[in-house]
Amino acid sequence: MDVQFPAKPGIYTANTTVAFPALIDGEAVTFEVSTEALQDHFEATTAYGPDLVATFEANRAAIEAVAMAKLPQRLRSGRCLLTSSDF
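Per our numbering, residue 19 is the first one in the sequence shown, and the count goes up by one each step.
Bear in mind the hints are in silico, worked out from the structure with no lab data behind them.
Be aware that a few hints might be false.
[Unchecked claim] If you anchor each label on the Cβ, the simulated ranges turn out as follows:
| no. | residue 1 | residue 2 | range |
| --- | --- | --- | --- |
| 1 | Glu75 | Arg97 | 16 to 24 Å |
| 2 | Thr63 | Pro27 | 13 to 21 Å |
| 3 | Asn33 | Ala80 | 15 to 23 Å |
| 4 | Thr64 | Gly44 | 30 to 38 Å |
| 5 | Asp43 | Asp69 | 18 to 26 Å |
| 6 | Val84 | Pro27 | 14 to 22 Å |
| 7 | Asp43 | Thr64 | 33 to 41 Å |
Backbone N, C-alpha and C fix where the C-beta goes; we use that ideal spot for every residue, glycine too.
Please put together the full structure from these sequences, using the hints given.
Shown next as structure tokens:
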């Protein structure tokens, strides 16, 4: 499985998550990381969208590493959401 994470910025969503893109065998997939995960594990101090995106960007490599590890089970479930318990 070929997985790439394009260098596009994370986006705050209406689900109160930060979404980020991945390409899996050439197909676009969107991952999301929860507000709680960013607060619990990456020191986001607010739930304000721009602050969460900044926290995501500052910790992107670590978050993408977890996304890569969780990828097989998340693709099967149909949603690629990373929560606090994933970290």
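Do the hints match the structure? See the list:
1. Glu75 x Arg97: 16 to 24 Å: 22 Å, holds
2. Thr63 x Pro27: 13 to 21 Å: 20 Å, holds
3. Asn33 x Ala80: 15 to 23 Å: This hint holds: roughly 21 Å between Cβ atoms.
4. Thr64 x Gly44: 30 to 38 Å: Distance hint for Thr64, Gly44 holds at roughly 37 Å.
5. Asp43 x Asp69: 18 to 26 Å: 34 Å, violated
6. Val84 x Pro27: 14 to 22 Å: Holds - the Cβ-Cβ distance for Val84 and Pro27, about 19 Å, lies within 14 to 22 Å.
7. Asp43 x Thr64: 33 to 41 Å: 37 Å, holds
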